[in-house]
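S.K.: Chain residues, written in single-letter form:
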Amino acid sequence: GAVVSQHPSWVICKSGTSVKIECRSLDFQATTMFWYRQFPKQSLMLMATSNEGSKATYEQGVEKDKFLINHASLTLSTLTVTSAHPEDSSFYICSASDPLGTEAFFGQGTRLTVV
Amino acid sequence: GNSVTQMEGPVTLSEEAFLTINCTYTATGYPSLFWYVQYPGEGLQLLLKATKADDKGSNKGFEATYRKETTSFHLEKGSVQVSDSAVYFCAFLPETSYDKVIFGPGTSLSVIP
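Chains A and B, in that order, give the protein sequences. First residue of the first sequence? That's 1 in the working numbering, and the numbers climb one at a time after it. First residue of the second sequence? That's 1 in the working numbering, and the numbers climb one at a time after it.
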């Protein structure tokens, strides 16, 4: 089946630095990708919808200047956590859905720890 | 709007017990339905899915049937094992192309020997 690859799988960074997370669709074109965040012992919260060639659509309460999303090609979306702080520590997961709307494919997730 | 209601946890069962986790959804049309599992410290894994009414998804002894009339997709397993301890998410994909998955809150399952 289709695969979505996310990198890195974990990262530790210092407060104030920026971290980039990549999400690639390996064998299909994804005009739309999604970024989720998961807090400990909670469900996945949709952060934003990444649209190829246009601006991302952010969910209410998500700071677009804090979480920069770029979807420059049909197979790659990136999420950059800018000026990271300890409260940004979380599990971030990307996904893409197939054109038939019958299945969603998830990346492996990225565990971000800001120290 | 679109939403998923899922049985509250945590659920604790003895090994070989019967498992049911209830799930109902609110959506228009015929969404695709999923159960995802997340083991401690790991990402999401697709456990099973059903894409049309009356379909039964099954995998690793788990089953769920797409019930359009009750908008439900309850997860069942006849005999759970310790290795089934994880968080289970009911979810659906709306009947439109390239859409996002709507997740339930998750149900934590602990199976004790």
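Note that these hints are calculated values from the structure, not bench results. Take the hints with a grain of salt, since some may be wrong.
Unchecked claim - Just a sample of chain B residues kept apart from chain A, beta carbon distances all over 10 Å, derived:
#1 F18
#2 T28
#3 E42
#4 G43
#5 T51
#6 S58
#7 D99
#8 V111
As the list claims (entries may be wrong) - Ranges of calculated distance between the beta carbons of each label pair, as one might list FRET restraints:
#9 P99(A) / E69(B): 50 to 60 Å
#10 F28(A) / T5(B): 43 to 53 Å
#11 D55(B) / T17(A): 25 to 35 Å
#12 S5(A) / A17(B): 19 to 29 Å
#13 K55(A) / V82(B): 46 to 56 Å
#14 T96(B) / A72(A): 38 to 48 Å
#15 G78(B) / M45(A): 43 to 53 Å
#16 P99(A) / D55(B): 43 to 53 Å
#17 S14(B) / K14(A): 40 to 50 Å
All figures in this text were calculated on a predicted structure; none of them were measured in a lab. Even for Gly, the Cβ is constructed at its ideal location relative to N, Cα and C.
S.K.: Which of the numbered hints above does this structure break?
M.R.: Failing hints, ascending: 3, 4, 5, 7, 9, 10, 11, 12, 14, 15 and 16.
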